[in-house]
Every structure is written in structure tokens, then in C-alpha cells.
Amino acid sequence: TPVQAESGLRCEPGETYIMNVMVSGHPYWVPVYQGFKQAAEAFGCETIFSGTPDYDITKQIASFEQDMVKQPAGILVHPMQSDPFIEPINRAIENGTEIVTFAADSPKSNRTAYITSDNLAEAKFAADEIVKQIGESGQYAVLENPGQSNHDLRVTALIDYMEANYPEMKLVGRQATNQDSTAAYRATASILQANPDLGAIWIPEAGSAEGAVAAILEAKSDVLVMHADITPVTLEHIKAGNIHMALNPNQGMQGFMGFLATFMASHSDVFDPFNDYKVSGYNPVQIPFVDNGFAVITKANADSFDLNTYMEGRDPS
Amino acid sequence: MEKSINLAPPATQGMGALKKLLRMRETGLILIILALCIGMSFASPYFLTWVNIRAMVMAFAVEGIVVVGMTILLISGGIDLSVGSVTALAMVIAGWLFLQGIDPWVASLISIAACTGIGAFMGFFVTRVGLHHFIVSLAVMVIARGACLLFTGGRPIGLFTLPAEFKFIGQGAIGPIPLVIIIFLIVVLAFDFMLRRTTAFRKVFYTGSNEKAAAYSGIRTKKVIFLTTTLCSALCGVAGIIYMARFGSAQPTFGLGMELNVIAAAVIGGASLNGGSGTIFGAILGAVLLSVVSSSLALLDVSVYWQDIIRGSILLAAVSIDHYLNKRRR
Amino acid sequence: MEKSINLAPPATQGMGALKKLLRMRETGLILIILALCIGMSFASPYFLTWVNIRAMVMAFAVEGIVVVGMTILLISGGIDLSVGSVTALAMVIAGWLFLQGIDPWVASLISIAACTGIGAFMGFFVTRVGLHHFIVSLAVMVIARGACLLFTGGRPIGLFTLPAEFKFIGQGAIGPIPLVIIIFLIVVLAFDFMLRRTTAFRKVFYTGSNEKAAAYSGIRTKKVIFLTTTLCSALCGVAGIIYMARFGSAQPTFGLGMELNVIAAAVIGGASLNGGSGTIFGAILGAVLLSVVSSSLALLDVSVYWQDIIRGSILLAAVSIDHYLNKRRR
Amino acid sequence: MQDDVILNISDLHKSFGAVRALRGVNFELRRGEIHALAGENGAGKSTLMNIIDGILQPDSGTICWNGTPVSIASPTEAQKLGIGLVHQEIALCPDVSVAENIFMSATNISRRLLMDYRALEDRARSILGQLADIDSAMLVRDLPISHQQLVEIAKALTLDCKVLILDEPTAALTEREAQILFSIMRRLADQGISIIYISHRMVEIFDNCDRVTVFRDGQYITTQTVADIAPSDVVNAMVGRVVDTLYPDKMRPQDCASDRTPPILDVRNLSEAQRFRDISFQLKRGEVLGLAGLIGAGRSEIVKGICQLEGDVSGDISLNGTPLSIRTYGDSIRAGMVYLSEDRKGDGVFLDMSIAENISALDLGLVGNRVGTIDAARETDLAETLAAKLNIKYGRLSDPVSSLSGGNQQKVAIAKMLSVDPKLIFLDEPTRGVDVGAKAEIHRILRDLARSGVGIVVISSELPELIGVCDRVLVVREGQISGEVSGEDMTEENIMHLASVLDAADAQLQSA
Ligand SMILES: Nc1ncnc2c1ncn2[C@@H]1O[C@H](COP(=O)(O)OP(=O)(O)OP(=O)(O)O)[C@@H](O)[C@H]1O
Ligand SMILES: Nc1ncnc2c1ncn2[C@@H]1O[C@H](COP(=O)(O)OP(=O)(O)OP(=O)(O)O)[C@@H](O)[C@H]1O
Ligand SMILES: [Mg+2]
Ligand SMILES: [Mg+2]
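Residue numbers (our numbering), protein chains in the order written: chain A, 1 to 317; chain B, 318 to 647; chain C, 648 to 977; chain D, 978 to 1489.
Treat the hints as calculated values from the structure; they're not laboratory data.
To be clear about the criterion: a stretch of chain B counts as covered by chain A if any three or more of its residues have a C-beta under 8 Å from a C-beta of chain A, and this derived list gives those stretches:
1) 472 to 478
2) 566 to 573
Some chain C residues well away from chain D (every beta-carbon gap over 12 Å; in silico):
3) 677
4) 701
5) 749
6) 763
7) 768
8) 776
9) 798
10) 820
11) 903
12) 904
13) 947
For glycine and all other residues, C-beta sits at the position ideal for the given N, C-alpha and C.
With the rest of the complex left out, here is chain A:
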């Protein structure tokens, strides 16, 4: 519309975008939300960080429905499980709230876009790096977290990739640690015991990595540690050389692109694409999937990934 063209892509006063997550106290969301907020500020929009502090699907759905009560322009949601969110997401869209998912998807819903890091790519990269470091024949182990889909993917993808490409690499240990550093300590200690020739270990998240490193240091073993995500503690271990490398999804981009996708979905009237949106009822800016990429963290660049430094002077919520 002409009005829109005049003001450009800007929010009207009070136009609000919400980012909804589960386990909302988790630090993973912090840089994501910063990206979300920075993008929003650029367009003059307001943002709310919402969700449930609990690991509880029912509570997250309740909080999502409460978000809807506020009639926001859009919600960037991390659905804890995909199918339970189909109905709430579709209902929100019917009510005029645009929905984009991030880090976890609800593919059967009508959400307009899905922003994520590519867990398969991470796993592939990690596998290649392990082989590069310890050679094509050796032993490796993984810690895992059955039931958490992205962690699951990181582990199973790596194992599959190894089997397909490096048949000489032998998986000798596979333990569930559920992000608990004490459990990771115990599991790693046992794996080290049973496999003195262990060459590398792949850990899909940082909490377990902390415990695993403690066990490896205590056993004075020189196993190559690779893990995904970071915490200040694993960062220190990377700097100290105890951890070889961490792969960290580009959280800031996830939030930034997440906002853009939501905002665009809500301002889709600026765009009249060459497709069937008018008859299909879909949003014109439908984006199947955006890869926000991941960072490779080593001794060399570790300093740039200190979240505490990054957050200095910023408001977390």
C-alpha cells in the first residue's frame, strides 16, 4: 500500500514481536534473543521474551497461547515438540499472528519459516575433523542425550557419516549423560577405562563436555574432545588446549534471521511474489528453511565467544 511504501518497512507504534522458548533460563537463548532484539530495533519494533522456565510441553503451549492473547504481530517460537504445536500455531496464524520456528521445527504446521543451524553439517564437519586429527582408523566414543532431537541428530549423523565414509573408525562407547556433568564424568571415566586406546570423543552439548573433560584430565589421557555448543567453562578448556574444538551454532544470526522472517511474514504486503499464495492461502514470504550457520571455535578465536563479555552493557530480556 502507499502508506507502507512511504514509511518503508517499519513497525507501527506498539507493534510487538515475541520470542517463545522452553527452559527459558537456558543461556542458549541469550544471544539468539539479542539478535532478535537488534533486528527489531532496526525496524522500530517492540519485543518480548517469553516461554516457560520448565522442560514441560504443556506449560510451553500454555505460554504460547497466552502470547496469542496479547495479539502480537508475530511469534518466533522454539517448539519443544513438533506435532503438539501444529494446532496452536495454525490457530495463531488464523488470528493474525505470524509464526516462525527456530532451532526446532513444526513442519506440519502452517508456520512461514524455519531458521536453524544444520545439525547434519555440524556432525559431518566434526567427523571430518576427528579423522583429520587422529587418522582414518581409530576408536571414538560419543555421549548423548536420547530424547532431545537436535542432540540426537548430531550424534546419529556423526555415527552414520563415520560408518559410511571411514569404516576403519570404530565406535567403542556410547553413553547417555543427559546434560548432567556428573553423569558425563562417570560415563567418560568408564569409557576411558574400558578403552585405553580411545582416540576421540564427540559430545553434542557443552554441559556434558565439562564433566567429560574433568574425567579425561584426571585420567591424564590425551583423548581428542570435540563438542557442540559452548559454555564459559568449555571455552576456557579450549583456550587451555583440553578441548580440541567446539562447534557453535550461530545464535545471533538465528535470532536476527528469525526476526526478519517473522517481520517479513507480518509485512508481506510489500511483496507480491510469482506463486500461488493468493489461492493457497499461504503467506507470500514462505521460506522453507534458513541455515544460520555455525562457528568453529578453537584456541585461536575463543576470545570472541565469551558470552559474559558480549553481554556487558546489554539487557538480557
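Keeping the supplied structure of chain A fixed, place chains B, C and D with the ligands upon it in accordance with the hints.
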């Protein structure tokens, strides 16, 4: 002989009803919840909207069915830590069977039967072997969670293909009211009535109050405990099936930590952890209180870093006030 | 004349010691653990290596300090669900203070004092307000977790800069034995001795066994309960500090679900959830059992999808066998 | 004279909600005297004792200790003053050894850091030695109720006190233990210790006490020297009217069934692995049968065995001529055979539940509708009827049983048994803690029931009660029936003779 000290003269009927209300165990809790709601309706214009109320009730309705089972079990002197895993297992078994091509209704019945079996298994260890509920249900909590993983390989089972009439249980509505809420209300009212009024459930109170005295009154206390343990798991099975219909999926990690929530609701509502007392109505009020507090914090956009602190403090304050009111009333 | 009832004649001294050992509450558990260990040492050549044993002990040593506090609290008739959060809070407070530039030893003392304060806070609500331990500690569990979030913004605090002599607590060793294990053993032995032999701690048993009878004998039972509640939190504080020194970090999400593990250890070791009985030695054996089972499953590389099922089953079997052995002995 | 008074209480008031338990009572205790306190159930005796021991606080009134007003805030303070109390309800720590229980107060105030278990057990043994044969290393939870009562007494004897209060200590004791207790009491009194003695047994009061104070309905009535007053006067002062404390008439000829009707209960060769063996007896229609014996003789076990409450018994039992094949106590109740427990707090009543709920516990069918719901009105009716019949003193029927006085709790337990109109009742210490008036009433009810064809078997440690109520008494010794007395032979001497262990040894010597 002084026709002994019947000091309470039969008041006029109206007065009597009011007095009775004031003497009820649950009155304090109702007042606290009302106070919270009134405060919230000023603090947020959205609080009293139908959508918000619906969301709040939906957030605890299915868990409320588990609360019913837990309350009865607590009254009989038991406790069950496995409710979360067993609920998840109910979803997983039914979902898995459905994917094997079994009719969803049949699958659900099999799944509920399996959960009932788990309850009977626990009941066996408690009443025959003589172990404590706590440790038996802790072990079963771990086992059932393991079974969930085993059935699913740790991945949620998508059940989009469930027939619409089955999904209707969890997603349908009669008029404006979701069927889930209606089922919940029926379960609550039925069990509340039975627990207050039927001779069968009265035995649960006797058993929990003093197991030995109950045995000396001819009550087969072990049978009672066996049955309450089984009932609690069976209701978890029912809850699991409703969740499955609602979410259209079965999640192996569902219900982590549910046990504390459910026990807390029952205890806030006046159930004693030593057995012998408690009401379904009170326990549901406890669940309502917990849910209203969580929902309010979410609605008010309270910073996540403060939410837990506020939530815990409100819980503590509410329980203290309720306790104080009850003490005074006596 | 049948000088009845004294059926056990005073046997020779050696026999007596053996009998006493066989009559001990803990013997069954020791046998079960030994059986497991022997089985494992055949199944895996690594099981009986010093490094593996060290790792197994390290895996429960710090938590073992919390088990001590919990056992004493259980004996006095209480329970504490907040141990996991309070341990995490201890790490977080000390770590945060250290980053503010405070000497780590001073920061640790302040942190332990704060945890003690939390225990006193709970003790107040239990003994003065009259609430149940369960609900008070549940609320405090939520509040303390919230406080962890607030201090850290949910992010783990990296404490690599801790001075080496401080890290020595958690990472150092005297000869081949890690200091953590030495501290653990000292705490366990000290409290086990005190609980068995000192008059002060006997009052804990009296209070837990029958609070009324204890009060009638002049024991200030509320004070006892207040103190055991406080002690448990204080020991969580100590455990938190050791964890911090060991991991060189403070994790706000540390210890989720620790409470069930810790209570399970105490209960497996013979502590009664109704108060009045339990031993530190038994509780530690309970922790050992849980740890040996977990470590064994990891060592044997059992599929993760089976581990929980096996773990829960072993737990149930062990407790049943122990119960059976105890019943026979009586 | 006045400085002889160690404890003086005047115008003391205490209410529990609407129940006015004490309404301005006075009480005076002299140094070295044994002072009996008498009153009906619910008169306020235990309440006053709890106030003296600092467990309860009075609403108003003064307590003077050695002439100075004091307020006793807790048992700890009472202990410091030198007051020791044996509670009416047993309050011991079940998970702790007998020795530790006995010395709990001493441990509490001891300055020693470490426990000396050996010394503790030695001392416990020497104190218990004078009372009974109890292993001081046993856990209290494994003791029968009568032994627990003795432990309670032993516990009080260890206190270094100036005033010792005994609240119905003999309710669960037999004659022999009671006599031991009395001699200990006299010795203590001679040492200048004052004793307050509460009992519903007039004989005990008149044989052992110096003075007696009577309460009625929370009010002070009188204090008299025992020598100046007759038992019937005390009873009249307690009840406020003349009470016929005589035992009811014995069985009349017309109550007897003809020889052809079978006995109500016929027990043959009943045995249980450890507790008793080869028990055979019959209960005839219209008769009240007694079971006598020393503590631990196994009377309760036999009766519980018959009812399938405990133990794995073998033998034949028939009820009214039909052989019984019951497997649970529930079956027994349905067959019309009920058991009143001796341990009212442990397994007799539901302390936290209401009076009405307690009374209907045995057969909920009585208060239920056909569909299995409870008819509240019928439940209240049932409770009201039985409460009136047994003269239970209560505030509301919805009050918990824990708010009743000990004797009234006992009456609730009896009401529970009567609610089902049983064919046969076993009563184990039925009048434990029940006052004289109510006791006579209960005895009359038992006799009426017997006349109407209900079988009555009474176990009692109080020989006069057995002799007064029963038509025939079986004596149990070490798990066997050692004899039977009836009619003229039913004397305390004969029963004691059959019951005591010494004679068993004699008998063995003779048969050898
Ligand atoms: N905790 C309580 N709550 C309510 N009423 C109580 C409580 N304790 C005692 N009462 C009432 O106080 C009155 C006096 O009770 P108390 O126990 O002193 O009687 P008692 O003289 O010892 O009788 P008994 O001979 O039966 O032991 C009774 O009516 C009783 O119901
Ligand atoms: N639970 C039990 N476990 C082991 N022995 C028991 C148990 N209960 C009772 N006994 C023993 O059984 C015997 C009979 O006990 P009981 O006290 O019932 O006899 P009684 O003749 O009824 O005497 P009273 O009722 O006067 O104490 C005693 O030696 C007692 O120690
Ligand atoms: Mg009394
Ligand atoms: Mg007996």
C-alpha cells in the same frame, strides 16, 4: 445425666451452610486463589479473557487426572514417583501400537491396561515384598523411562495419521468447552464424590490413617494399598492417552519432573504425606494455584531470571497463609 | 525352670563379633555390592583397576557429603528436596563473589554461610510456621534455582582463574588418593561416629522416632529438627564449594534431580522415610550401589536404550534382596 | 504444715475450643505423700497432669511450687523443677532400644559427649530387674503393650524427681506387676518424693494412697484422707450420684441353653508355632468366659489366632455348631466374631478420624446404601446411639478421637465392636482406663449381651473384674491352658496359683 456436652446448637439452616463452608478445609485455598485472580485481573487486562482462562485450565487439566490418582494414593499412605514416566509410557505404547497398524482405540485400551499392570507390579512389591512406595516407584520411574526410550529410540513418535474422531478426545470441543476439560471435570467430580461418600473409598482413609487399626477392623489393608497404587498408574495411563490425542504425538521425554508437581498439588490441597487425609477438591485447587501462579508470571512478562524466585515465594506464602487460616479455624 | 526368652546365650567373643556383623543392618547391602563387584570383575578386566575404582568413588564422593546431611535429616523425620538447587547455589554464590574480586576462601565461607541460612529459613518454616518439610523444601528448591539464574543469567560461570591452592581441594591428591575422597571419608566417618555415639545426635533418633515421646522427655524437638534441616543445607554448601573447586566452574543448572538420587541412597541404606532410623554407613553403601550400577553399565557399554531399564531393575532387585535378608535375620 | 506443700494449684482453667476441660480446679500435694486423683472419664485428670508437666498451658490459674508461683512452659522446665510424668498413653520411641528409651531424659540433660551403651544397658537392666523380665537391648517396637507400659514406668523411675505423676499406670498390668509398682511407690514416698496417682481402681487407691482428690466434669469436688472416707463415697463424689458399683448378676439357670444346643464357640486343639499349643475350650450359651494369666502368657495371641488376626494357627473352631473356615479377620467379622484390641492407640482406634467414622469402621454396610454410598445421617445415628449407650463424653461426633480422654477413646473402641451386633466378642482389657461408673455400665451391657445369646470372652489383667464378671475363668500359662475355675473356686488365689510359672516347674518336677 447431663446429656453430654453437645455444645454446638443446631443453627438456622443458612447460617449452618455458611459455617460449614468456613469450616471446610479448602476454604483458605479458595480465598487465596481468588485473591490472586483479583490481583491479576487488575495487573493484566488479558487475565480474565476466555482464551487465557482456557489456556490456564488446559495447562493442568490432563495432569489433574494424575493428581486425582496421586491424592487417593497419598491418602492410603503411599506415594508414586513414577507418574511422569508412566504417563509418557502410555503415550509411547499406544502410539507404537497404532503405528503397527492397530486400531487406536484398541491400542489405547492395551496401553491403559499396561499402565494398570505397572501399578499392580508396584503394588505387588509394596504389599507382598514389603518395600516402601518411594523406592519401588523410583525404580519403576527409571524403568518406565527406559522403556519409553527403547520403544522410540529416543525420538518422538509422530501420530498425525490418528483418525479425527480419536484426536477429538484431545482437540475437540463441545460448544466452547474443550473436551479435555469436560473429561477432567467428570473424572474429578466422580472421584471426589466417591472418595467422600462411598464405603469402598472410605476404607482408603482408614488404611492410611492407621493401617493396623484398619486391619483390626477387618479391612484388607494390603488389598486397599494394592488397589490405590494400581489406580494411580491406571489414571496415568488415561492421562497419557488424552495427551496423545491432544498432541498427536507420543514423546518419550514427556512428564519429566511431573511427580513433584503432582505431589505438591495434592499436598497444598491438604493431603497428608503420612496418609489418612486429603480431598480431590483440595488437590485440584492446589493444581489450580500452581497453574495460576505460573500463568500469571508468564502473562506479566516477568523476567525469567525472577520467575522461579517469585513462583517459589508465592507457593511458600500461600501454603503458610492456608496453614494459618486452618489453624485458626480449628 | 525354663528361664524363658533369653534364647541367645552369650557366645564366645569371636562368634559374637561375627554374629554382630551378620546382625548389622548393612550386611545385606555389603553382600549385594560385593556380588555385583565380583560379577563385574569377571565381566570387565578394567573393573578392579585402581583408576576405575577411583573414578567410581569420585563420581559419588561429593554427592556423598549431601547424602550424609540428608540421612541425618531423614532420621529426624524431615526431608529436603532442595539439595540440588542449594548445592548449585553454593557454587554460584562463591563463584560470583570470586569474580567480584573477593578471596575465594572468603567467598566460599560466605557461600556456605548463605546455604546454612537457607537451611535455617526452611527450619523456621517447618518448626515455627508448622509446614511440612516436603512443601517447604520444594518451594526453596524453586527459589534457589531461581537465585542461581539471577546471579548468572543462566550462564555457567567459568572460574579458570581460581588460585591453584583453592583448586587443590577439588583436583589435588595426597599420594595416590584424591583430596576429594579424603574429605568425603572424613565427613562420613566423623558423622557416622557422631551419629552412633554422641548424645547430641542420639536426640535426632529420638525426635524422629516419636517426636512427642522425645518432647515429653525434655528434648527440644523443634530445635533438633531446625538444626538437622540447617545442617543438611550447610553440607550442600560444602559440597557445592568442592564441586566448584573440582570443575573450576559454577553451573546454575547443576544438580537437577539430585534430590531423588540422594534420598534413594539413604533409603536403600536403611533410612526410614518416617524418621527414627538410618545410618550414615548404610546410606553411603546405598550411594555406592547406585554408583557401581551406573559405572558398570557404562563400562560394559550397554546400549543406552537398555541402561535405564537394567538400572531400575537392579535397584529394585537389590532393595528386595536386602529387605528379604533383613527380614530373615530378625 | 503449710511448708510441707510442694505443689499447690488453685483456680486453674483450661478449655479446648468449646470443651471446658478444667473449670477452676484446686489441687494440693504434700511432700512424701501418695495422693490419688479420681474422677470419671473426661473429668480433666490427664489435662491437669499435662499442665503440671508443661505440655499444655493453662488458660488461667496459679501453680505454686514450694510456695512460689511458677509457669511451666515445657516438659524440659518441668524436669528442671523435678517433675516426672508417666503418661496415660504410652509415648516411647519405637525405633530405639529399651535402655535408651528409659534413659532418654538423662541423655538429654547429660553433659557427657558420648553415649556409653554398655553402662546404659547395665543400668536399664538393674532398673527393669525389679519390674519384669525385659531384654533392655530390644527395640521398643518389638515389645507387647504391657511391657511397653513397664518401660514407661521404668523410665519415670530413673528421673531424679521430687514429684512423680503416674497416670493410670496399672491399666495394662496384672496384679503382680502392679504390686511391685506399689512397693516401689511406697519406697519413693518414704524417701520424701511426692506421688500423684491416677487410677480408676478403687482398691488400689485405698490400699496404697494417703489422700484422694476428686474431680467431676473439670471441677474440683473434694480432697480427703483415705482413712476418713469409704470407697463408695469417692465414687459418689466422682459421679455426683449414688452408683451401684456391684458387678451384675451371674448366669441364671434360664440363660443356660439346653444340652442339645451347641456351644457358641468350640475350640479344639488350637496351636500356633511359637505362641501357644493345644488349646481346647468351649463357650456355652449365656455364659461370660474369662481368660486369665500373667503378662506374656499368650492370652491375646490365642484370641487373635481364633479371629485370624495374627499367626498361622491350626485346629478346629466352630461357631454355634458350624465349623468355621475363615481365612481373614474380615471373614471373622462377617461370621459375627469380633476382637477388641488391648492396644487402643496402636490398633484400636483411628486417632485422626472422627468419632462417627471410627464407630462405623467395622462394617460400612451398616451405614451404606445399596449402591455403596455412605448415608451420613445413618452414620450419625449409629454413632449417637452407641455413644449414648456407652455414655461417651464428646463435643461433636465429627471431632477426631484424639480429642477425647483416654477412657472415652476406649468407649469408642467398644462402640465400634458393638456396632455390628456380633455373635461373639473377644474383649482384651475391655475396661482399660474406664471409670467406675462406666465400667459397671459396660459390665451390665456384657451381661445383657450374654443373656441375649451373644458369646462373651473377656481377657483382663484385673482379677476382681474377671471374678466379678465371668461365670468361668480359663487360666493360660505359657501358651497352654493350665486350668479352669468357676463358681466358688473362682478366687484370686486359685487363679494366681494356676497362672504362676513356679508351679509349672513344680508340675514338671512331679511328672518327671
Ligand atoms: N486436645 C484436646 N482437644 C479437645 N478436647 C480435649 C483435648 N484433650 C482433652 N480434651 C477434653 O478435655 C476433657 C478432659 O480430658 P482428660 O483427658 O483430662 O480426662 P481424664 O480425666 O484424664 O479422663 P480419663 O479417665 O478418661 O483418662 C475431655 O472432655 C476431653 O474430651
Ligand atoms: N509381635 C510379636 N513378636 C514376637 N513375639 C511377640 C509379639 N507379640 C507378642 N509376643 C510374645 O508373645 C507372648 C504372648 O504375648 P501377650 O502379651 O499377648 O500375652 P498376654 O497373655 O495377652 O499378656 P498381656 O496381654 O497381659 O500382655 C509374649 O511372650 C510376647 O513377648
Ligand atoms: Mg486421662
Ligand atoms: Mg495381651
